[in-house]
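J.: Residues per chain, in single letters:
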Amino acid sequence: MKKAIIAGSIGALGVTLLNPSAAFAADDIPLDDVQMILDNTFIFFAAVLVLFMQAGFALLAAGLTAAKNVGNMMMKNMMDMSIGVLLFAIVGYHIAYSGSSIIGFSWLWGGYSDAPTTDYSLMLPVDFLFQAAFAAAAATIVAGAVAGRTQFKGYIIYTAAITAFIYPVVVNWQWGGGWLSELGFQDFAGSTLVHSVGGWAALMGAIIVGPRIGKFGPDGKARAIPGHNIAIAMLGVFILFVGWFGFNPGSQLAADVEVPRIAVNTLLAAAGGGVAAMITSWIKFKKPDVSFAGNGILGGLVSITAGAYALDGYMSAVAGILGGVIVTFAVLFFEKIRIDDPVGAISVHGVCGAWGTIAVGLFANGNAPFLDEGSSGLFFGGGAELLINQLIGVVAVFVFVVITAGALFYGIKKLGLLRVSPEDELAGLDVAEHGVVGYGPDFIPSMVAAGGQKGAE
Amino acid sequence: MKKAIIAGSIGALGVTLLNPSAAFAADDIPLDDVQMILDNTFIFFAAVLVLFMQAGFALLAAGLTAAKNVGNMMMKNMMDMSIGVLLFAIVGYHIAYSGSSIIGFSWLWGGYSDAPTTDYSLMLPVDFLFQAAFAAAAATIVAGAVAGRTQFKGYIIYTAAITAFIYPVVVNWQWGGGWLSELGFQDFAGSTLVHSVGGWAALMGAIIVGPRIGKFGPDGKARAIPGHNIAIAMLGVFILFVGWFGFNPGSQLAADVEVPRIAVNTLLAAAGGGVAAMITSWIKFKKPDVSFAGNGILGGLVSITAGAYALDGYMSAVAGILGGVIVTFAVLFFEKIRIDDPVGAISVHGVCGAWGTIAVGLFANGNAPFLDEGSSGLFFGGGAELLINQLIGVVAVFVFVVITAGALFYGIKKLGLLRVSPEDELAGLDVAEHGVVGYGPDFIPSMVAAGGQKGAE
Amino acid sequence: MKKAIIAGSIGALGVTLLNPSAAFAADDIPLDDVQMILDNTFIFFAAVLVLFMQAGFALLAAGLTAAKNVGNMMMKNMMDMSIGVLLFAIVGYHIAYSGSSIIGFSWLWGGYSDAPTTDYSLMLPVDFLFQAAFAAAAATIVAGAVAGRTQFKGYIIYTAAITAFIYPVVVNWQWGGGWLSELGFQDFAGSTLVHSVGGWAALMGAIIVGPRIGKFGPDGKARAIPGHNIAIAMLGVFILFVGWFGFNPGSQLAADVEVPRIAVNTLLAAAGGGVAAMITSWIKFKKPDVSFAGNGILGGLVSITAGAYALDGYMSAVAGILGGVIVTFAVLFFEKIRIDDPVGAISVHGVCGAWGTIAVGLFANGNAPFLDEGSSGLFFGGGAELLINQLIGVVAVFVFVVITAGALFYGIKKLGLLRVSPEDELAGLDVAEHGVVGYGPDFIPSMVAAGGQKGAE
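These protein sequence lines map, in sequence, to chains A, B and C. The opening residue of the first sequence carries number 1 in this note's numbering; numbering runs sequentially from there. The opening residue of the second sequence carries number 1 in this note's numbering; numbering runs sequentially from there. The opening residue of the third sequence carries number 1 in this note's numbering; numbering runs sequentially from there.
Simulated from the structure, these hints should not be mistaken for laboratory data. Check before you lean on any hint, since a few could be wrong.
You can't tell identical chains apart in this list, so a pair holds if it fits in one copy or across any two.
Said to hold, decoys possible - In silico DSBU-like links for lysine-lysine, alpha-carbon gap of 35 Å or less:
{"#": "1", "residue 1": "221", "residue 2": "286"}
{"#": "2", "residue 1": "286", "residue 2": "413"}
{"#": "3", "residue 1": "153", "residue 2": "336"}
{"#": "4", "residue 1": "413", "residue 2": "287"}
{"#": "5", "residue 1": "215", "residue 2": "286"}
{"#": "6", "residue 1": "153", "residue 2": "221"}
{"#": "7", "residue 1": "215", "residue 2": "287"}
{"#": "8", "residue 1": "153", "residue 2": "215"}
One chain only, chain A, in its complex shape (with noise of 0.2 Å):
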């Protein structure tokens, strides 16, 4: 009886559907499929972890910012994933990974008809998931950088730009088989291709942008601004932890038996710079910080995403705990030299992520069996050639976005559509910009709005 009612419920989909797995019957399925299936399961359940990372994104930057701008923050990320996914898949995917055309349609069309490949790699879908997630996450890292003080307009065009053009680009450069891996450059799963594109273009936005007013005093001397709410912000730090064991151990891009490896690594760096981080900030400030804290474990995790193929587990958790210092000095760095940065993420994802793919060419262990003996780094017998191609993939990076995005929000600007007026900044862009308030008048009295929130009336 219970096998009927497995049969009902199987046989109600063969009924108005083809059954797809019907290929697979009994005796006939090839080995290689079922192997090829796993890779594309594997790979598929990794896409949905990185997607999550939206959410935490959102998160970090909505609780570390003014509870005014909350619902703005977690627009913004909601819309980097809508905007971001639909022009990745008609431009920048192919950018990205044709080199050939810029603009395709055509994969969309008629149900990706010749979309599994035979040669146990990924299906083309699974593949566009998977990297239209990682798009997507380089663009929300400029959000929180330029938070509280950008207009939605100026937003979607920066963020239409990034995901369809300027991470394509790069991209391309190594994962699409161009200049940078020709050159031997290594960035297992995006501390520079992804992280520091998205932290660089936040530092041009930064800057354009300009401070949030009250930031800097007449004196000169930064100012706490502080968040609304470190529940969430950490909460959104939990999920970007967890959602990194979809970006680094995908990036293997098949389900293999390095995969744990690269998780292990992975786990040990996000450790490493919570540590490191709540001690840095011990030192500095007399007490441990929770938000430094927070910013340690992503510290730590930007630290190990180019290396965690390439690096042992204890250099990872080496480039996590140096991850974490690094993002503690970074972001009082860079409030000294008064570029307001409201969540960190120019020194999260840009420094780090410059550090990280430095730290492969310090630290690639060619003596493990993983690796070939060319591609380890200077402390582990390599010499310095693979230090040498690091920089010069750092580098360039960082010359391309600081060039593109800085002439991306430089024009916003002149189109007058960069920052609200400073009526707006001090009212909040939930209502200056949405005309919602986040919080409601029963949660925080101070907050009844002109417009009330619309959306759920």
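Got chain A; can you put chains B and C on it based on the hints?
T.: Relative to the frame of chain A, chains B and C by itself:
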């Protein structure tokens, strides 16, 4: 030595428990079994993603309603899972998939002894896990629409009736092999069977329980009752978005080559819905609305749930875009006819569920290799036949749910268990129904309540 | 052309890194390897779900305690992961699973070169990943019970001791092949080994640190100290619920035919616990309590953690239902004997952990095909032998943890590092210990604090 560690680890379990994986000894694994295990493992994780959606529903509804009802909303969603799972195990699952017996205790007894089937289909428990998560989702949809004024006792009755009876009967019509599936109706993952069922039940609940006090002024015009927390509400959207990658791809009920395509269709529809609702709200209200954009993502997802298998990528995006437009106007429509749905559940799940089902009749692409020619929609050479079948299904489910859920809510009302007193509604359901405050007096000073919070004294 | 895109994508990685999947070339994939990879991939994702539980623990504890300590709670949970992972890598893992060496640096060196084993068992790094996530969970349980009055320095000492020593020793007794496993004790996923260890350590911490100021009045009676945020607390419950599907099914340590059954048992116990605690609290307090219901779900989950393999579906629901009743009365009991456990951690993890372990001795179903006859519980024809073994294990772990954790907390107290000053407790740990406010003055105006929030200046 490392192997010794592993051996110790595995051995320890082997000592105390039978090791079932011993069945898979070195050279006698049948290949069929590996694919079968992969199928079941895939559906297991897909079910976990769908279960996670309960958190998304809870946060969305809690965030878009008043702070004084936040504990009540979280409670209802926890109980949708708890009550729903138990009733679906004993009653609903049998109505849905056997059709012969209403109540089936026996499958839970004796360790599901005949659970593993041998024809590459799912094992009974994983099928139950996945289907139970769907049942809980269908019931949960209602809670948001009747938020803020419904008795907890009445809630228990209706959620039990939906998971034990209304939802399973509809599922039996299609996935259980009933008359809709014989007709040729197509609903891949449940735009109609899950979402419209929840949405139309929400419609009847909202009508019969009536609007919240103060929602419609003496002039009959709707007034904004802002949600209290856009941060958790939009986190709910992100969680639902992520969970949908279990909902749709998992509905393939096998780890096969179609899964990635289904996932990308889901992603494109979500993105299209988000962008379209943002733009629509921008045009309507002069500003891009946050919660409309979030509901647009959800509307896009519901709109592709029926067609994730049958549409190609372009048409998936189009279905989602139209879903994002539809959900916006539907929310305004229900408000205009004075039906108070605080979270937009009727529009997102009921209306977009109907739209997504109809979209299959329009856009199903019989030219693609994965569909029969006979399964094409109107715009892809299939004529009106499929469209008519889809309309029959949409109408039939609408009529059935309106009648059964209408009778259900009417009966609860007659028992005096549907609506709380005006005093309780104004005081908030947390205090009135649960004797707690959702937010402590240190967080919202105005919420000091009689009774305090007993939960964690 | 699409293949070219894929080839470019894969090729780019192939250029820079050895492609390990090359080992799986077309016709020479041994079937054993596919099942092995599937096992390891399954445990990888299960470990990710368990790591996600850290977010659940953090939110639950933060939400059920005061707003002035929210940053401290998030910090502790981030550090449980960070400190815990590093210490478990270097010390704890070796105590737990080798028993021969206390400290083992070497496995992290040289890329885990001998990691892949060939007998269908787990690879070393994925085993570590899964076990490390468990160790962090055990330590995290304590933080909620001593919330609001514990020094951060004292916290670091105790969490380090638990992950490096107390938890690993207990694990060695059973999963490491020690005396409990030889005795015939059964604890599938750790009702005793993980949850009771955390729960009894929490008990000793709560006793030795003493109750929060104001928890017990001059008359000795308990007074309610409401948690500040039921929304994030119950989100924590949902996340823990979802993570448990990594915790229990993953403990099978293989992707096999038993996993779905274990998952359904877990689901039924959670549902039973939630319903039972709701009803019990309704009877006791005249109203159904929200956080009791949440703790009931968790109590149900802990109650099936030992028996998820050995019980059938019915008895899993029964174990969970009884767990939901037990947790409710246990919370009231500890309050009555004036032990202040703000989140109910001792009841959920300690008491239900013991109950779940004993339940195996009562309900293990030796008539089912998956168990030996000799493994039956008292009510299923196995006599008292298994029950006695279970009781021995429960008592032994209780005694060991009470002594070691008692000495630990007592020692920390003697060092003057356990409890904060009354001034600091009243001011809140966020300001006193971390120099930040968890919620900004724009969110909770009364929380303007000396020092401000440095984290994201």
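J.: If a hint holds in the structure, say so; if it doesn't, say that too.
T.: For each hint, the structure was consulted:
1. 221 x 286: within (20 Å within a copy, 39 Å between copies)
2. 286 x 413: Close across copies (22 Å), not inside one copy (40 Å); limit 35 Å.
3. 153 x 336: Classified as both: same-chain Cα gap 30 Å, cross-chain 30 Å, threshold 35 Å.
4. 413 x 287: between (40 Å within a copy, 20 Å between copies)
5. 215 x 286: both (23 Å within a copy, 30 Å between copies)
6. 153 x 221: both (31 Å within a copy, 32 Å between copies)
7. 215 x 287: For residue 215 and residue 287, both the intra-copy (22 Å) and inter-copy (28 Å) Cα distances are at most 35 Å.
8. 153 x 215: Both. Shortest intra-copy (24 Å) and inter-copy (32 Å) distances satisfy the 35 Å Cα cut-off.
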